[in-house]
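Spelled out, the chains give:
There are 2 protein chains.
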Amino acid sequence: VAVNTLERPLPFKSVVTLVGGVGGAKFADGLARCLPPGSLTAIVNTGDDFTRYGLTISPDLDTVMYTLGGLAHPVNGWGLEGDTAQMLGMLKRYGDDAWFGLFDRDVATHLLRTQWLTQGISLTEVTRRLSDALAIPSPILPMADRVAPTLIDTLEYGVLPFQEYFVRYHWQPTVTRVILPDGIPATRAALDALARADLIIIGPSNPLLSVEPILNCIGVRETIAARRAAGVRCIALSPIVAGQAIKGPAAKLMQELDLPVSASGVADRYEAVIDGFIVQTGDWPYPVAEIGAVSAGGAVGTSGTLSRTLSILETEIVMHSLTDRARLAEEVLTWATRLVD
Amino acid sequence: VAVNTLERPLPFKSVVTLVGGVGGAKFADGLARCLPPGSLTAIVNTGDDFTRYGLTISPDLDTVMYTLGGLAHPVNGWGLEGDTAQMLGMLKRYGDDAWFGLFDRDVATHLLRTQWLTQGISLTEVTRRLSDALAIPSPILPMADRVAPTLIDTLEYGVLPFQEYFVRYHWQPTVTRVILPDGIPATRAALDALARADLIIIGPSNPLLSVEPILNCIGVRETIAARRAAGVRCIALSPIVAGQAIKGPAAKLMQELDLPVSASGVADRYEAVIDGFIVQTGDWPYPVAEIGAVSAGGAVGTSGTLSRTLSILETEIVMHSLTDRARLAEEVLTWATRLVD
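As you go down the protein sequences, you meet chains F and G in turn. The C-terminal position of the first sequence is numbered 490 in our numbering, with every residue numbered one higher than the one before it. The C-terminal position of the second sequence is numbered 490 in our numbering, with every residue numbered one higher than the one before it.
Just so you know, the hints here were simulated from the structure itself, not pulled from any lab data. Just so you know, even glycine gets a beta-carbon here, dropped at the ideal spot from N, CA and C. Hints are not guaranteed to be accurate.
[Stated by the list, open to error] Distance windows between CB atoms, simulated:
#1 F:Pro186 / G:Val224: 16 to 22 Å
#2 F:Gly187 / G:Gly269: 42 to 48 Å
#3 G:Thr430 / F:Gly244: 56 to 62 Å
#4 F:Asp246 / G:Asp473: 38 to 44 Å
#5 G:Ala378 / F:Asp245: 42 to 48 Å
#6 F:Gly244 / G:Pro330: 32 to 38 Å
#7 F:Trp248 / G:Gln393: 47 to 53 Å
#8 G:Val467 / F:Leu471: 53 to 59 Å
#9 F:Gln393 / G:Gly238: 37 to 43 Å
#10 F:Gln268 / G:Gln268: 20 to 26 Å
#11 G:Asp245 / F:Arg295: 23 to 29 Å
Kindly produce the complete structure, drawing on both the sequences and the hints.
This is the structure:
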C-alpha cells in the first residue's frame, strides 16, 4: 500500500473508475492500494457478459473482483490463481468443444451469480454479495443490471456475440463495426457513485469494447458532464503505448475501424468527457507543458482533432507488478490533485 | 469380462435391470460384463433428482453411468474417480454451506444436462447423449422424463426433499413416511425395454427409496405383469444382508417404518412382481429347495407373508470388487436360465 509515500493527503473521498477487464482491473487495484478503504468505486463494463452452459458469466466484473480480492491469476490477469481445469476436461470428454475457459473455482462464481439472478436478484446485488464475501472494500458496480450485449460485426463471420469474437476466434476476425445496444439504463448505484465522485478516472481499458459500452449507458455521459460542470475532473489512461495495445485487441480494432492507433487517437474518442489524459512517456505527439500549483489545470497538450485543451501526464503506464499498479495510481492521483487545484 | 466362463451361452437377449444408486450400479456393471454389448438396459430411479445452484442433478443416473463407464470413484461408488473439490472450496469461500458434494468433473455432467433440459431435450435423450459420449453400450434409461421427486416425511424436520434427508442430514432423521408422487408416467423407452425384456432383474437397491419409485411409475407394474404372464421371469436381489443394509439407509428406514428388516422383508415388498429372489447365503429363513433342470421353476422357498411360492438363490451377494460384480451377475443369470427352463 502506497498511501504513506504520498507527500500530502489526497483530497479525494470518492474516486470512481470506469473499467473493463485486465488492464482496468490492475489500475483499479492500484487505486484501491492508494486510497482509504471504501473510497474507490469501480463501474465495470458488462457488455462482454454472456451465457454458456446456462451460466451467466460476467468476465469483466469477475476480473475486477478477483483482482481487487488479490485472487487473480498472476500471469493471465483473468481467472483465479491456482485454478484447475477438471470440469473443462470432462466437458471435452463429453465431446463439447469447450472453447470458453471455465475453470473449476471460477465456476462457483458463475453458479452463485446465475442462481441469484434467476431468483430475481439484480446483478448489482449479486456482485455486492460476491465481493463482500471476498472482503473487498471497494464497491464494484456493473454498468447496468439489464443485459447489454456488445456485438461485433466482422468481415469473416458477420455479427458475432462478443465472446465468440474475443475468445472463440481470439479476436482475429476483421471488425467492421462495434454494435452497442441502445437504451440501456446505467444502474442507479453507478449513477449515484458518479454523482458523488470527486474524481472520475477512465482506466487503461479498451476504449471501444470496454469504456464506450459504459459511457453508452443512459445517464453516464450526462452525470459525468454535470460533475465536470461542478469542477470535478474526469481523466483517462491510454491503453495504447507506442502504437501497440498493452494487451488485447485495442490497436488491431482501432486500425480496422480506420481510427488513429495512438494515445492521441484514444484521447480523441474521449474528447467529450475528459479533462486530463495519461500516456506513456514520449507517446504524446504535441508539446506537453508542466502543470504547477499556479497553473490551475491550464497547462496542456493539444490533441490533433481536439477543439479544446487537455492536460497531459506522461509517465510509465505499463503495470508489470503490484508495485507498478500502486506507483501509477499514486502518480495519477497526485497529478489529479494539481488539476483540481 | 466373465462371458467365457459360462458353461453355456445365456438365452437372454434383452435383460432389463431396475436400479437406484451404488449397489444397483455395481450389479448392473456385473451384468454388462457378462452379457453381449447392448443386451442390458438399466432403468434408473430419478426420484432422487434435484436442483442445486440451478443445476439439475440426477444422482442415480450419474452413478449408473459412471459405473458402467468405468469412471466411478472406487471407494465412494458415486462420483468420478480422481475428481477434485476446487469449486466446492470456492463456494465455501463465498459463504455457501455447500452441503451437497459437487465435484469439479461431475459439474460438467450437470451443466450439460441442465443446458439440454432447458432446451427442451428429454432426460432420456440427455442421458443417451452423455452415456454415448462415454462409450457405454448399455442403454441407461431414466424411469421418467417428468420430474418425480420422492419426499421424505421425518419426525424431526417434517417433509424433506430427498437429498436434504439423504445428504444434508446424512439420513439420520427418523422417517415416518416415504411420499412418492402420483401419476408419473414411465418413459416410452423404459416401457418398451420392459416389453421386450426376456429377463427382468431388480438390483440390490433400496426397495423403498430406489426401486418402488420406479415400480410406481405408470405402466411399469403392468408391463412387468404382462411379461411374467408371457413366461418372462422377474427376479430381485436383496440389499439387506444379515439384517443390515449393505450400504445406506435401507435397514434403518425399514425399521422406522415397522417393516421386518430382513431379506424376506424385502421379498415381501416385491411380492407382487417377482418370481425369484437372491439373498446372502444363510439369510433365507425358510427351507430352500434346489432348482434343477427338471423342476421348471417350481422349487422354492416360502416367504412368511407370501401367498405363493418364490424361487430362492442363496449366494455371496456383497460386491467388493469388479470380479465380485461379474461373478454375482453370472451366478444370477445362470440361475435365471434354470428358472426359465
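Going down the list of hints, with the structure as the test:
At roughly 46 Å, the beta-carbon separation of Pro186 of chain F and Val224 of chain G lies outside the given 16 to 22 Å, and the hint is violated. The given range of 42 to 48 Å is respected by Gly187 of chain F and Gly269 of chain G, whose C-beta atoms sit roughly 47 Å from each other. Thr430 of chain G and Gly244 of chain F have their C-beta atoms about 45 Å apart, which leaves the hinted 56 to 62 Å range violated. A beta carbon spacing of about 39 Å between Asp246 of chain F and Asp473 of chain G agrees with the range 38 to 44 Å that was offered as a hint.
Look at Ala378 of chain G against Asp245 of chain F: about 45 Å separates their beta carbons, and that is inside 42 to 48 Å. The hinted window of 32 to 38 Å between Gly244 of chain F and Pro330 of chain G holds, with their beta carbons roughly 33 Å apart. For the hinted restraint 47 to 53 Å between Trp248 of chain F and Gln393 of chain G, the CB-CB distance of approximately 50 Å keeps it satisfied. The hinted range of 53 to 59 Å is satisfied by Val467 of chain G and Leu471 of chain F, whose Cβ atoms lie roughly 58 Å apart.
The hinted range of 37 to 43 Å is satisfied by Gln393 of chain F and Gly238 of chain G, whose Cβ atoms lie roughly 38 Å apart. Separation of Gln268 of chain F from Gln268 of chain G is about 21 Å and conforms to the stated range, judged on CB atoms against 20 to 26 Å. One distance hint, 23 to 29 Å for the beta-carbon pair Asp245 of chain G and Arg295 of chain F, holds here, with the actual separation near 26 Å.
The structure shown violates the earlier hints numbered 1 and 3.
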